Structures are given as C-alpha cells and as structure tokens.
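Starting from the known structure of chain A, arrange chain B on it as the hints suggest.
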Amino acid sequence: MELICPAGTPAAFREAVEAGADAVYCGFRDETNARNFPGLNFSREELRQSIALARRKKVQTFVALNTFMRAGDEALWYSAADDAVAMGADALILADFGLMAYVAEKYPQQRLHVSVQASASNPEAIRFLVEAFGAKRVVLPRVLTVQDIARLTRQIDCEVEVFAFGGLCVMAEGRCSLSSYATGKSPNMNGVCSPASHVRYRQDGADLVSELGAYTINRFGPGEASGYPTLCKGRFEIGDVEGYAFEDPVSLDVIDEIDALRAAGVSALKIEGRQRGKAYVAEVVSSLKKALGASPGERAALVARLRAMSEGQRTTTGAYDKRWR
Amino acid sequence: MATTGKPALSLGPVYFLWDGPKWRDFYFRIADEAAVEHVTLGETVCSKRQHFSEPHVAEVVERLEAAGKRVTLSTLAMVTLPRESRHVRDLIADSLHPVEANDLSALGLLKGRPHSIGPLVNVYNAATARTLAARGAENICLPPELPAGSIRQMLEAMPDFSFEVFAFGRMPLAISARCAHARSKGLTKDNCQFVCGEEPDGLPLRTLDRQSFLVLNGVQTMSNSCVVLVDDLAPLVEAGLSRVRLSPQDCDMVKVASLYRRVLDGRIDGEEAIADLAKVYPGVRFSNGFLHRQEGAAWVSRGRNAAMGRD
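Keeping their order, the protein sequence lines are chains A and B.
Here the first sequence is numbered in the working numbering, starting from 1 and rising by one per residue.
Here the second sequence is numbered in the working numbering, starting from 326 and rising by one per residue.
Mixed in with the good hints, there may be bad ones.
Some chain A residues flagged as far from chain B (calculated, every beta-carbon gap over 10 Å) [unchecked claim]:
{"#": "1", "residue": "Gly20"}
{"#": "2", "residue": "Asp22"}
{"#": "3", "residue": "Ala101"}
{"#": "4", "residue": "Gln109"}
{"#": "5", "residue": "Glu159"}
{"#": "6", "residue": "Thr216"}
{"#": "7", "residue": "Glu224"}
{"#": "8", "residue": "Cys232"}
{"#": "9", "residue": "Val250"}
{"#": "10", "residue": "Ala260"}
{"#": "11", "residue": "Lys290"}
Partial list, computed: chain B residues near chain A (C-beta under 10 Å) [stated by the list, open to error]:
{"#": "12", "residue": "Ser410"}
{"#": "13", "residue": "Leu445"}
{"#": "14", "residue": "Glu470"}
{"#": "15", "residue": "Leu498"}
{"#": "16", "residue": "Thr513"}
{"#": "17", "residue": "Gln518"}
{"#": "18", "residue": "Phe519"}
{"#": "19", "residue": "Asp557"}
{"#": "20", "residue": "Leu558"}
{"#": "21", "residue": "Pro560"}
{"#": "22", "residue": "Leu561"}
{"#": "23", "residue": "Lys580"}
Keep in mind that the hints were calculated from the coordinates and are not lab data.
Note that this is a predicted model, so its numbers are computed, not measured.
We treat Cβ as the ideally placed atom computed from N, Cα and C, and that holds for glycine.
Next comes chain A alone, as it looks inside the complex (with noise of 0.2 Å):
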C-alpha cells in the first residue's frame, strides 16, 4: 500500500518526501481546497519546486482541488487545475462533478482522484464516477466499516484509498453544513471548518468556554483540558444529558487494522493534517512508513510512539469498525 502523505508548507513537503512518504498532497494558497487556513499551502511557485523536488525523490505530487467551485467564479478553480496539470502534478483530488468534467474532457490524460469530499461510498457511486470522469482512484469516506471496504473493492475497477490517521469527520465528508450554519463558512464553499475567525474563549466564572460563532461549543470546568471548538466534537445538551452528542474529541487510527485494509484490496493509505507542522509530519509519515513494513508484533512499539502524537492522546478507529455507529 502506498502512504499519502500531507503538506500545508513547502517544509512540511520537504519532511515528508524524506520520511518516506509514496506520495505527498497539497493544495494552493486559496479557497480552492479544504484545508484553505491562514499561512498555509503553496502559492504557484512553492508548488512548482515542490513537485520536482519530490519527482527527484521519485515521489509522486497529488494536488487537491477539492471544494465546490462558487457559480460565476469556476475560472479560479478551473485555472488551479490548469497549472496543477501543467506543473506535472501526478493526480488531482477532486470534489465537484463540474470540475471533474472540465480536467477530463480537457486533460484526458491527467489522472483524476476523487476527494472523500465528493462522498462516494458504494460501488454504483463509484463506477458512476469512473464512467463519467474516468476516475482513477476514490478517497473514501469515513462512514465504510473495514468488511464493506473489502467487499467494495471486488465490485469496482478503480483504486481505494482511506484515511488511517489524523483528524477524524464526524459526519459524512463533502456532506456537512454545520460549519457554515454557524459561521457562514463550510468546507464545501470556503475549504474551512469551524473557522478560527469565528473563535472565541471566554472565562465565565471557574469555567472557560469556547464559542464558534455565536454558539457554545464546550465548557471546561478548573483543571480539565480545553480543547479547538471544532462543532462535531463539541459538548451539548440533549434532554437534561450534557456529552459529547457526536463525538468525542478524539483523532483516527487504524494502525491495527493495516494487514485487514491491506486485504481488503486498499491501494493507499492516506494522513490528515496539512494543518500540522513540520515535526508532526516527519514523525507520523516515518512511523507509518515503518509499521507497514513491519510485522505486527513489530508494529507495537511504533504505534506507542505515533499514539502520542495524536490530537488529545486519545484515538478512535471510528466508521471502520461496525460498533462506531
């Protein structure tokens, strides 16, 4: 299996082509992806150095242009698409039906990933998205246990690849508006979630809480650990129950289940976090790299060194197993 790799900067790519990674992903400077935060990704020349950088290595560039193009400004996304192709990027990572028609009617010959944002989960989604674009590979949404993934794979002629570590959605992805009811901003328009323009801690007595918007996401009582207001992990007020009504504020890891999702026909493991810094890059994808070749019980030691690493020190497996739902 091939270990996708995150870059929200040029030296995060840089750490990741060492540490071993098969592919790197990426996105530009702008509203064209979703990871579209303040002092990240790559402007047309970062990009450009990058990829040969990684072509050097004989790593492959995936460049993600995965949001919702906005009506009446397609042109932005459309010429992202136009210098990702010419740069030599190895594939785009794409979300709208539009755009997807435009760089396979345009480029025929680029190859063309669909992003989890597009959300296709069972194989007439995904043979829909072969027959129409010519898609090469599916990302897949965090909504498949491991078993639908192995009997997905026997039913399609296109590759798989799934997230196994990092931050975890909820809800299904490309599909989740919660951002934007309460902000204005959503993935799907602005490649943002919960956006820390919309931000706020405030003390409120022993209590701090933190507000998206004009909402209360959580509270955190003296000496508890608080946390982002990301909305889906968020602490809320069902009946008279307060909890974690989604989630609670954990990160993906199905290191454990590498031999399952190996057999289950996966062509890629993919990280999340472009967000993340240089350090954790390094250190997640050279982990990685390691635990896929190793043997279980090898594997043991690694993963006790990436489950640190993690967002809150605690970890689901989430969708992949079936007791998640």
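What follows is chain B alone, placed relative to chain A:
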C-alpha cells in the same frame, strides 16, 4: 422546465420517522387539500426505516395522482450496505415514476433517464448542473447552503432548466454513519429500536448555554431553525426559478403551502405570510442566513436587508 410565470410548489420527502398511518394520512391530506403541484416522497434518511412507509406508498401515490399531483420517488441519502444499493437499483429499475437522486449511486444508475436531483447532492455551480443535465437531470433542488448570488448565476446560465430552492423546513445539515439520535438514548445504529420515531419533528440539541442550535433526526443532523424564504423569493422568481420546495415538518403543511402559494401569486405579502407561519409552526425560530451569504442560522428581514444594501 423553466417557467416564465409563477413557480410551482413542491413538497419534499418527509425526512423524519413517522409511523405508517401518520405518514399515509399526511399525504392523503396533502392530496386532498394542499396547493402543491409536485410531491417527492419515500424514505430518504435511513434505510432501516423503510418498512414504516413502504406498505402505504402505493395508496399514497394513487391518491396524490388522482388529485393531479406529480409524484417523484426519493432515493436514500447515504448508501453503504449491499441491501441499500439493491434498494436504490430496484427503485430505479422498477419505478414508473420519476426518481429524485440523493446520492451518487442513483446519479450513476439514472443516466439517460429523465430524473430529478435532490438537495443532498452537491450542486454549487452551473458547470455541475450542466454535467448532470447532460445525463438526464431535468430538475435540481439546490442545496440549502447556497447563497442567492450562486442561485441567480445558475438561473442565468441555464435559463431553460428547472431549478428548485429549499424554501421551508428544518435544513438537512449533515449525515453520518453514526446515529447520534440512537446514541443519545444509549443505543447504537445497529440496535436502535427506531427511537428516532419518538421525535417526529427532530430531537432538539442545545448548547451548554441552553441555546437552541440543531435537531437530531436519526443519522441526519438538521438545523433547529426552520428556513423560511417566503419573503426572499421574488428576485429568484424574476430570474427564472421554476420550483419552490417545502420540506415537511410536524405542523400544518397544508397551511404552509397555502401561505407560500398566496405570496407567489401576489395575494399577500411576505411579511404577512411570515407572521402567519409563526402561528402555523409555533415556537420555532426562522432563518434565511444562507441565502444572504451569512451564517445559516441568521434571520435577515427584508427591511434590514434593504437598509444594509444586500440582495
């Protein structure tokens, strides 16, 4: 197809779990009394619920058609299991009615057949709408998240195509493999005991500061606020909007339809309709923020809107 006159009213599928008789009687009354021309129906949110409405689909469709309504069958929003795939395949293969696609599997299977696209498929621009139209889509209900500028841009780019906006109801905001509704009652999706049926209008989720925020509807998360675009439609109608969708809530939808119809016909103004809607669907906050390029939960009244120079 696009109309130069007044747009048609359309009733979207019931997103909530209503028991069979309640579901049937709702549609019987719609058939007999509601001023809607199109009705899209069928379980859309969770395949586990299908047996509640399925025994009544035939009689409901018959009654609606006898009343002159155009019936479209809705497909599932999320398809992950083989039996869900089979259900979508069979629905499309066997149906004598037009089908509304709510996920990518239906999009693939409907190629070359006239069909509709539901608001749960991501259509954000005319390039995507054209791609789908070339495969046989004849009507697209746009996602609730779209601002008016995007909608107008699409209407202008495809003047002969039928676009629909989601103009009343709690907005579908997210869907998950995990059932937060069952989870809130100590259960899991696989052993849910259909507890989502206990809240026929959604289970309210408040913030820790007791702010109304969202409602849970099985695996779907919806807005607590009800989108009300009744006073925002005129510029979209002028730009060529074909259909206006009302999404069923557990309130008097016949009255809701009547109010929207009267506004579209110019018989009452939007503000009057909003005041009446507040009586028809009491205790629920209204919103139209997405349309005005603000947070979806926001309410922008026309007076304030004009004063701020927004469209």
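Comparing the hints with the structure gives:
no.	hint	verdict
1	Gly20	holds (31 Å)
2	Asp22	holds (27 Å)
3	Ala101	violated (5 Å)
4	Gln109	holds (20 Å)
5	Glu159	holds (17 Å)
6	Thr216	violated (4 Å)
7	Glu224	holds (13 Å)
8	Cys232	violated (8 Å)
9	Val250	holds (12 Å)
10	Ala260	holds (17 Å)
11	Lys290	holds (30 Å)
12	Ser410	holds (5 Å)
13	Leu445	holds (7 Å)
14	Glu470	holds (5 Å)
15	Leu498	holds (5 Å)
16	Thr513	holds (6 Å)
17	Gln518	violated (14 Å)
18	Phe519	violated (15 Å)
19	Asp557	violated (16 Å)
20	Leu558	violated (18 Å)
21	Pro560	violated (15 Å)
22	Leu561	violated (13 Å)
23	Lys580	violated (26 Å)
Consistency with the previously given hints fails for numbers 3, 6, 8, 17, 18, 19, 20, 21, 22 and 23, ordered from lowest to highest.
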